[in-house]
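Undergrad: Sequence order for the protein chains is L and A.
Residues 1 to 285 in the UniProt record's numbering are what the first sequence spells out, letter by letter.
Residues 1 to 255 in the UniProt record's numbering are what the second sequence spells out, letter by letter.
What the hints contain is simulated information worked out from the structure, not anything from laboratory work.
Take the hints with a grain of salt, since some may be wrong.
Lysine-lysine pairs mimicking BS3-like chemistry, simulated, CA-CA at most 27 Å apart [unchecked claim]:
1) A/Lys84 with A/Lys33
2) A/Lys144 with L/Lys207
3) A/Lys41 with A/Lys84
4) A/Lys93 with A/Lys107
5) L/Lys207 with A/Lys107
6) A/Lys107 with A/Lys188
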Amino acid sequence: MSPKNTPARADAPLPVLLPFRIEPTRLGTPRLAPVHALLFGAGLALLAGTAWAQAVDTRLSPLDVIIKWAPLLLSGFAFNILISMIAMAIGTGAGLGVGLGMLSHNPVLARVCWALTQFFRNAPWLVLLFFVMFLVPFQITVFGVRIPLPDWVKATVGFSLPVMANVAEIVRGAVRSVPSTQWEAAESLAFTPRQTMWRIILPQCVKRMLPPWMNLYSLVTMATVQASIVGVSEMLTLTAQVHTAEGGRPELFAPLYGFAMFCFFLYCYPIDRFTARLERRFHIR
Amino acid sequence: MAVATEPRPWTPDQPIIQLIDVHKSFGALEVLKGVSFSVKKGEVVCIIGPSGSGKSTLIRCINALVPVTSGTILVENIEVADPKLDKLALRRKVGMVFQQYNLFPHKTALQNVMMAPMHVLHQDRGEVEERARALMKKVRLTGKEHTYPGELSGGQQQRVAIARSLAMRPDVMLFDEVTAALDPETVKEVLFTIRELAEEGMTCMLVTHEMNFARDIADHVYFTDRGVIVEHGPPDTIFSAPRDPRTQEFLSQVL
Numbered sequence: 001m002s003p004k005n006t007p008a009r010a011d012a013p014l015p016v017l018l019p020f021r022i023e024p025t026r027l028g029t030p031r032l033a034p035v036h037a038l039l040f041g042a043g044l045a046l047l048a049g050t051a052w053a054q055a056v057d058t059r060l061s062p063l064d065v066i067i068k069w070a071p072l073l074l075s076g077f078a079f080n081i082l083i084s085m086i087a088m089a090i091g092t093g094a095g096l097g098v099g100l101g102m103l104s105h106n107p108v109l110a111r112v113c114w115a116l117t118q119f120f121r122n123a124p125w126l127v128l129l130f131f132v133m134f135l136v137p138f139q140i141t142v143f144g145v146r147i148p149l150p151d152w153v154k155a156t157v158g159f160s161l162p163v164m165a166n167v168a169e170i171v172r173g174a175v176r177s178v179p180s181t182q183w184e185a186a187e188s189l190a191f192t193p194r195q196t197m198w199r200i201i202l203p204q205c206v207k208r209m210l211p212p213w214m215n216l217y218s219l220v221t222m223a224t225v226q227a228s229i230v231g232v233s234e235m236l237t238l239t240a241q242v243h244t245a246e247g248g249r250p251e252l253f254a255p256l257y258g259f260a261m262f263c264f265f266l267y268c269y270p271i272d273r274f275t276a277r278l279e280r281r282f283h284i285r
Numbered sequence: 001m002a003v004a005t006e007p008r009p010w011t012p013d014q015p016i017i018q019l020i021d022v023h024k025s026f027g028a029l030e031v032l033k034g035v036s037f038s039v040k041k042g043e044v045v046c047i048i049g050p051s052g053s054g055k056s057t058l059i060r061c062i063n064a065l066v067p068v069t070s071g072t073i074l075v076e077n078i079e080v081a082d083p084k085l086d087k088l089a090l091r092r093k094v095g096m097v098f099q100q101y102n103l104f105p106h107k108t109a110l111q112n113v114m115m116a117p118m119h120v121l122h123q124d125r126g127e128v129e130e131r132a133r134a135l136m137k138k139v140r141l142t143g144k145e146h147t148y149p150g151e152l153s154g155g156q157q158q159r160v161a162i163a164r165s166l167a168m169r170p171d172v173m174l175f176d177e178v179t180a181a182l183d184p185e186t187v188k189e190v191l192f193t194i195r196e197l198a199e200e201g202m203t204c205m206l207v208t209h210e211m212n213f214a215r216d217i218a219d220h221v222y223f224t225d226r227g228v229i230v231e232h233g234p235p236d237t238i239f240s241a242p243r244d245p246r247t248q249e250f251l252s253q254v255l
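I would like the entire structure built from these sequences, with the hints used as guidance.
TA: Listed below in structure tokens is the structure:
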């Protein structure tokens with residue numbers, strides 16, 4: 001463990017006192033190290049590994065199958081990302097509200113928000129997904145206008161519930177971690193509690209919240225494949241369909257699903273590295 | 001009918017701060033046991049006493065950071081203990097500086113000074129900035145406007161904190177052991193700033209352990225112990241000829 005990673009001493013200056021400056025050159029796209037190339041190669045080897053089975057007849061090799069279906073599969077993957085981003089946006093907005101609600105001086109509101117958070121944080125995501133899929137109608141009527149709710153929209157809502165609860169907890173923890181003296185200073189300058197929260201406390205919380213928030217995003221992205229169970233045409237569903245369309249050949253199983261795994265890995269791994277880098281950067285010195 | 005609760009208009013000949021039999025308990029612990037005194041406009045008052053004697057609590061009660069248990073506190077005839085108190089009105093009049101500076105770490109020094117007038121008083125940005133720069137100059141921190149608190153020394157941070165309070169144009173400044181967290185070299189620069197303020201006629205109330213400074217700057221010194229004012233008077237009397245044995249003992253220890 002490097003010295004930077006050692007836990008902060010109690011007498012260390014407050015971490016929030018450090019200025020927050022992003023140096024784009026260092027925090028930009030994570031550099032690709034040799035280890036990445038190795039992983040990439042391993043992935044390709046896995047994909048092509050079963051290619052030996054070809055040649056005996058006119059059937060496509062696994063690699064050719066992947067190339068042939070890549071546009072469709074990647075459009076499915078884009079759908080996964082879309083779902084994850086929308087779920088994250090909704091969940092973050094709602095979670096901010098619920099997290100602040102938990103900190104409210106109104107005991108009823110605080111209890112309700114606390115209960116919401118606990119409930120959705122401790123329910124399996126898939127169960128929540130099923131609940132939303134089967135409890136929410138396929139269309140709603142607002143002022144006489146019928147709004148269809150396709151499955152993917154419902155799935156997105158289903159994912160945003162646990163996101164909300166987790167974001168709420170992140171917000172609550174971050175706000176709590178700001179020393180109470182900041183509240184005192186703001187109060188003595190005649191800031192109202194609301195102004196203090198939005199102008200002084202939350203801006204200081206952003207960098208504390210960013211790493212866990214990005215971590216959560218990574219988890220949500222990977223969880224979106226669960227939507228295949230409820231019939232959303234995302235990447236995993238399409239992979240299964242492609243497999244069937246290719247005659248369900250057993251030797252295609254590993255390459256096709258390997259391709260899906262690989263796409264998720266390529267997307268989530270940089271996020272993970274970036275998060276780790278941010279964490280190190282913001283670490284209390 | 002409502003006239004009874006209206007404060008009398010305050011005129012400068014009346015005490016700017018007045019405490020009448022103020023009590024404060026934290027649970028079973030009574031920290032202030034009936035404190036009364038008054039401060040005139042332009043006066044510099046120092047509160048001294050051993051740790052845990054309730055000095056900080058006392059000063060925090062004056063700008064309603066700590067609610068009193070009973071008694072009356074008037075600041076320019078505004079009743080601080082009134083539950084319907086307009087805290088904005090009170091805190092515009094009373095500036096406070098803390099031991100730990102408590103600057104806003106995500107804002108530069110200049111922004112720290114500008115925040116309250118802009119967002120609380122909704123004053124014009126250009127005007128506020130001009131005044132904030134003048135205040136930075138006053139606390140001799142010209143050139144540090146765009147520095148973040150984390151990059152400033154303790155003494156510099158504390159002077160930014162003083163400028164931040166002054167930006168609200170208070171009538172009274174409260175200083176809660178503002179040099180206690182500083183290293184000896186930087187204590188001087190902060191005390192210098194406070195002295196300048198006092199000389200300009202700002203009403204100042206200081207809780208301090210800097211006895212020489214108190215002796216030098218104060219018009220009136222209060223010695224508190226265990227929640228009561230044991231003795232008070234002009235600094236020469238208190239420091240040279242304390243009457244109460246507790247004051248004598250305390251001063252013999254710290255001087």
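Undergrad: Hint by hint, say whether it matches the structure.
TA: Results of checking the hints against the structure:
no., hint, in the structure
1, A/Lys84 with A/Lys33, "holds, 24 Å"
2, A/Lys144 with L/Lys207, "holds, 24 Å"
3, A/Lys41 with A/Lys84, "holds, 25 Å"
4, A/Lys93 with A/Lys107, "holds, 24 Å"
5, L/Lys207 with A/Lys107, "holds, 14 Å"
6, A/Lys107 with A/Lys188, "holds, 26 Å"
Taken one by one, the earlier hints all hold for this structure without exception.
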